[in-house]
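The chain contents come next:
2 protein chains.
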Amino acid sequence: MKLQARLMDIANRGVLLNRADARLLGVLDGDRVQVINESQGIVVPAVVDTTSSLIEKGTIGIYRLTNDRMMLADGDAIEVREALPPASVAHIKKKMNGERLSKDEMAEIIQDVVNENLSPTELTAFVTASYINELDMDEIEHLTRAMVETGDQISFSSHPIVDKHSIGGVPGNKISLLIVPILVASGLKIPKTSSRAITGAGGTADLMEVLAPVEFSASEVQMMTEKVGGTIVWGGATNIAPADDRIILVEYPFKIDARGQMLASVMAKKVAVGADLVVIDIPIGENTKVGSVPEGRKLAREFIELGDRLGINVQCALTYGESPVGHTIGPNLEVQEALAVLEGAREPNSLIQKSISIAGIALEMAGKAAHGAGADLAQELLFSGKALEKMKAIIEVQGGNPNVKAADIRPGEYAFEVHAPASGYIIGLNNHALISLARSAGAPSDNGAGICLHAKKGTRVKKGDPIFTIYADKAWRLEKAIEEGRRLMPVMVEGMLLDRIPDTPWS
Amino acid sequence: MKLQARLMDIANRGVLLNRADARLLGVLDGDRVQVINESQGIVVPAVVDTTSSLIEKGTIGIYRLTNDRMMLADGDAIEVREALPPASVAHIKKKMNGERLSKDEMAEIIQDVVNENLSPTELTAFVTASYINELDMDEIEHLTRAMVETGDQISFSSHPIVDKHSIGGVPGNKISLLIVPILVASGLKIPKTSSRAITGAGGTADLMEVLAPVEFSASEVQMMTEKVGGTIVWGGATNIAPADDRIILVEYPFKIDARGQMLASVMAKKVAVGADLVVIDIPIGENTKVGSVPEGRKLAREFIELGDRLGINVQCALTYGESPVGHTIGPNLEVQEALAVLEGAREPNSLIQKSISIAGIALEMAGKAAHGAGADLAQELLFSGKALEKMKAIIEVQGGNPNVKAADIRPGEYAFEVHAPASGYIIGLNNHALISLARSAGAPSDNGAGICLHAKKGTRVKKGDPIFTIYADKAWRLEKAIEEGRRLMPVMVEGMLLDRIPDTPWS
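Protein chains in written order, with our numbering: chain A, 1 to 507; chain B, 508 to 1014.
For the record, the hints were derived by calculation from the structure and aren't laboratory data. None of the values given here were measured: they were computed from a predicted structure. The beta carbon of each residue, even a glycine, is placed where N, CA and C say it ideally should be. The reader is advised that the hints may include incorrect statements.
Unchecked claim - Subject to a maximum C-alpha distance of 30 Å in a straight line, what follows is the list of computed DSS-like cross-link-like pairs (lysine-lysine):
| # | chain 1 | residue 1 | chain 2 | residue 2 |
| --- | --- | --- | --- | --- |
| 1 | B | Lys796 | A | Lys94 |
| 2 | B | Lys601 | A | Lys298 |
| 3 | B | Lys600 | A | Lys94 |
| 4 | B | Lys509 | A | Lys480 |
What the hints assert, rightly or not - Counterexamples of contact, computed for chain A against chain B with all Cβ distances above 12 Å:
| # | residue |
| --- | --- |
| 5 | Ile10 |
| 6 | Ala22 |
| 7 | Gly26 |
| 8 | Pro120 |
| 9 | Asp136 |
| 10 | Gly399 |
Said to hold, decoys possible - Simulated restraints, written as ranges between beta carbons of each label pair:
| # | chain 1 | residue 1 | chain 2 | residue 2 | range |
| --- | --- | --- | --- | --- | --- |
| 11 | B | Phe923 | A | Gly75 | 36 to 42 Å |
| 12 | B | Thr706 | A | Glu56 | 29 to 35 Å |
| 13 | A | Glu56 | B | Trp983 | 19 to 25 Å |
| 14 | B | Gly582 | A | Asn349 | 54 to 60 Å |
| 15 | B | Ala982 | A | Glu56 | 54 to 60 Å |
| 16 | B | Tyr827 | A | Gln40 | 34 to 40 Å |
| 17 | B | Thr706 | A | Arg100 | 44 to 50 Å |
| 18 | B | Phe923 | A | Ala77 | 26 to 32 Å |
| 19 | B | Leu995 | A | Gly399 | 56 to 62 Å |
Using the sequences and the hints given, assemble the complete structure.
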């Protein structure tokens, strides 16, 4: 059917048909059509919405993300046809039925994910089926390779290339801001791609963006790494393993990390940037993604086996994940804390120790330090100021101000200090509650929003001592966070009331 | 956040936010918000699309299906908040993890399905998880009861109430148009709700709509049944077991009938209309939903057990499903064939035998006939013209013309006769291909579209004999169907070429 395009600025995929045209085409709301730009030879699948007034008979509304691929001008004549489901739907059904997917089947599915040929229903069924009928190591390898091959890749002329990844779940985990410059200072190359927070209060990319732009193509990442030794960029802008972003969005409502997909997601990015040596940080503890040490060991073995199949030397560090790393949560607060350490501060100890331990493993793997001597070398590179020089170079190559100081970076102007409601030891910090509170205050989109902890687990506090401060860029956000804090109680003091009706134990 | 409503005629659920407002609210495309009509006390969840131009800052686009629940006027001030996922998401995750769902958990999920609190991703995950981690009979019973309780129900003062259901997959299965009036003629009550075709060429509701309106509320179904003994209406309009419609849409792309959901879907409707006695028609054969007799027996036992738990006496008939029932496929053609039999035609035999067999089982269950004598009674009610009188009463009570004759109903004006390309026996009819061909010709939305078979399996034909005719209401539809027919070859004659390049064996 010939229809006239009407571009609609709706940031979604899809087309809007008049009901009469939909009936003629034989499609219902939610069905799929092919939209064909004949002059350019572009065929794009799209899901149909219908209207009886917003779009006239003979015209078709094209939503923005669909037109990003169609490249139509308003009024262009296009051909629209009922579309058959893609072949990979049959493979997804196979996985639903508990069968194993071959290399080619997995590749077809991931190609259709990247080309947006799968409807949300089909993609969700794939993710759910792969979660329930767990992928075996062959399938995980196929998935990883398919993710790599459907995106951009980097190939360096000199080796080794190192990389690190934290599997997340711990607030305040700003260690990449120290590890990357430490490794660069040792002479290694580390083209680090990071994520933005989805459920967290700040991903490494959100933090780095306080200091410099983070959106670059894969080839820009390569050039910058060749030039200064490393980068800290947002992976989502690189077109590296782009299938992964769409899969993660499906997992998000369930807060599941389908094991196979998590392994593939992490390792695909490492393969795509050409990494030879990778250190994986697996935080362990209640309220993180991995609850126990045996579980962490199993995951570590799987990362190592997958790395082996892909030609990457992987080592894993199981780390303590029950408390935040350092004292701060939220973009500006975390960047300030990390920069202060690069500038010479000797605390917080938890941040420094974790960073030099993981950097040390990479230094040993790369032969820069003898076995057991990596952390000492990392500490020397950090305390000597060499890491700070490299961090400045990275900030500068990404387009930021290399002369920025920790003292220049300020938390939000609205602040609320929470005091101990009773004397006693701090007996618990709840990661989930801290993250939720920081998000209520506006993190990660408001850079100044976040939390600064004045006392950590095991500290003795007196009634009335400050235990943490909430910061926000906007007054109403602060109010919302205070309200949320009353409900969540992210910091527990021994002996404090857990609830008091009608009031709550905030001073 | 206070925003001004702008109603948008998009036949979908959701809201459209300006990107600036979305950022302030802290939501991304695909996230969920609560939209609150404070003056009416209505709170509705909605999924967010964003735009930078179509909707101005301070306003919010409300799509039509969302406003069906919000009842806003253009320009109304509303409150919009970030929404937490509903509690039933945790239950869905439980099912994904292979655990069993309790009665309360299943009820919460189905309540959220009906209230549209679940996103498409969440609903798909539930359906997929229930397909892979099969529901046990307790869970199926919970699901059935939850489906019943979240919709309208009918309660009759006199009993028994009978009902029938065909699980589908066979084209031309117009038997309800005979069975319902036969049972009514025996003095039984049958408030039959039927489906429209989703993947087929015509559901019973599509057929009945040729004769009379089919969209009624549950209480109208009750009143009409009390008055004339039976109805043949579209279940989708009744608000009986409304959760089912949304679940079926998710299963549609995969053509799966998750066993537990199919059992619950069928039986929930029977419970909701107050049925005491139910006959289930299970067609068996290649290219139907149930491939073999042992598989059909297993399904029959499950229907009977579920009926037992719900206080319904169920019997099942395994029927031959490899060929169409009767000679016609498509709304007008099928109605014409069924009316002709009610008016006194003594063929097609496959239609008459199947209808009186199934009606006979119901008559025996209800005590209207002795064991083994039901089919004879059904035949007598049919051949005597008593069923025709009742059909006229049903047509009239639903608002159609009771004096309609088979001869008044005409197939589409565009026709194409297909001739045998060789002499021999008809060795195969492909259900899928016949349905696909009828749909290409315009069925079920074009009433005149469809197929009339002149020879069925086992018939000997001579080269050049007509083997079937394709009908359509529109010339271009007929062309499309002819093209499709060349590819699909729905009728196979012994000895005919399966393919000839570059030509194909149509005469």
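Verification of the supplied hints:
1. Lys796/B - Lys94/A: Holds: Lys796/B and Lys94/A sit about 17 Å apart, inside 30 Å.
2. Lys601/B - Lys298/A: Judged against 30 Å, a Cα distance of about 23 Å means the pair holds.
3. Lys600/B - Lys94/A: It holds: about 21 Å lies between the C-alpha atoms, which stays within 30 Å.
4. Lys509/B - Lys480/A: The given pair, whose Cα atoms are some 16 Å apart, holds under the 30 Å limit.
5. Ile10: violated (5 Å)
6. Ala22: Non-interface label fails for Ala22/A: nearest chain B Cβ at 9 Å, not farther than 12 Å.
7. Gly26: Not fine: 7 Å to the nearest Cβ puts Gly26/A too close to chain B.
8. Pro120: violated (5 Å)
9. Asp136: Given a closest Cβ separation of 16 Å, the condition holds.
10. Gly399: Correct as stated: the minimum Cβ-Cβ distance to chain B is 23 Å, above 12 Å.
11. Phe923/B - Gly75/A: 36 to 42 Å: Given range 36 to 42 Å: holds, Cβ gap about 37 Å.
12. Thr706/B - Glu56/A: 29 to 35 Å: With a Cβ separation near 30 Å, Thr706/B and Glu56/A satisfy 29 to 35 Å, so the hint holds.
13. Glu56/A - Trp983/B: 19 to 25 Å: Given range 19 to 25 Å: holds, Cβ gap about 21 Å.
14. Gly582/B - Asn349/A: 54 to 60 Å: holds (58 Å)
15. Ala982/B - Glu56/A: 54 to 60 Å: Distance hint for Ala982/B, Glu56/A is violated at roughly 24 Å.
16. Tyr827/B - Gln40/A: 34 to 40 Å: About 52 Å separates the Cβ atoms of Tyr827/B and Gln40/A, which means 34 to 40 Å is violated.
17. Thr706/B - Arg100/A: 44 to 50 Å: violated (28 Å)
18. Phe923/B - Ala77/A: 26 to 32 Å: holds (30 Å)
19. Leu995/B - Gly399/A: 56 to 62 Å: With Cβ atoms ~59 Å apart, the hint holds.
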